[in-house]
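In my numbering, the protein residues as written are 234 to 325.
Where hints are given, some of them may not hold.
Derived SDA-like pairs: lysine to any residue, alpha-carbon spacing no greater than 25 Å straight-line [stated by the list, open to error]:
no. : residue 1 : residue 2
1   : 273       : 258
2   : 253       : 267
3   : 252       : 308
4   : 317       : 272
5   : 253       : 321
6   : 248       : 261
7   : 236       : 308
8   : 237       : 300
9   : 252       : 313
Please keep in mind that the hints were generated in silico from the structure rather than gathered at the bench. Being a predicted model, the structure only gives us computed values, none of them experimental.
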Amino acid sequence: MTKKIAVQDGLNDIKKELKKIGYTIVDMDSHEAEAIVYLKTDETIPYISSSINMNTKFDFERQSGAILINAEGRTIEDIDKIIKNRIYTPLF
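The whole structure should be built from the sequences, with the hints applied where relevant.
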């Protein structure tokens with residue numbers, strides 16, 4: 234099963250490359266996204282803050298919930314690795 238990734242509007246190259254790798258691209262409003270790729274250009278990211286409900290519990294065993302990935306300074310390989318591992322860097 235392919236992972237469903239939401240990508241900020243305007244990041245068309247990233248969308249295209251993620252599709253090439255085999256990911257399914259979904260709307261930013263989709264509650265099915267396993268990862269959200271965005272580009273932080275200022276202090277506010279309204280579509281992400283409206284998507285996050287801090288009252289819901291993250292299920293660590295099932296790894297449910299979307300990981301937020303800031304695309305700034307990252308290659309498509311970096312983004313792919315983050316999606317696959319669900320972490321930015323090793324813990325140790």
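Here is what the structure says about each hint:
Using a Cα cut-off of 25 Å, the hinted pair residue 273 and residue 258 holds, with the two alpha carbons roughly 19 Å apart. With a C-alpha separation of about 17 Å, the suggested pair residue 253 and residue 267 falls inside the 25 Å cut-off, and the hint holds. The straight-line distance between the Cα atoms of residue 252 and residue 308 is roughly 15 Å, inside the 25 Å bound, and the hint therefore holds. With a CA separation close to 19 Å, the supplied pair residue 317 and residue 272 stays within the 25 Å bound.
For the suggested pair residue 253 and residue 321, the alpha carbons sit about 22 Å apart, so the restraint of at most 25 Å is met. This hinted pair checks out: residue 248 and residue 261 have alpha carbons roughly 12 Å apart, not beyond 25 Å. Note on residue 236 and residue 308: the hinted pairing holds, with a Cα-Cα distance of about 19 Å set against a maximum of 25 Å. Proximity of residue 237 to residue 300 is assessed by CA-CA distance (about 11 Å); at most 25 Å being required, the pair is judged to hold.
Straight-line distance between C-alpha atoms of residue 252 and residue 313 comes to about 11 Å, which keeps the hinted pair within the 25 Å bound.
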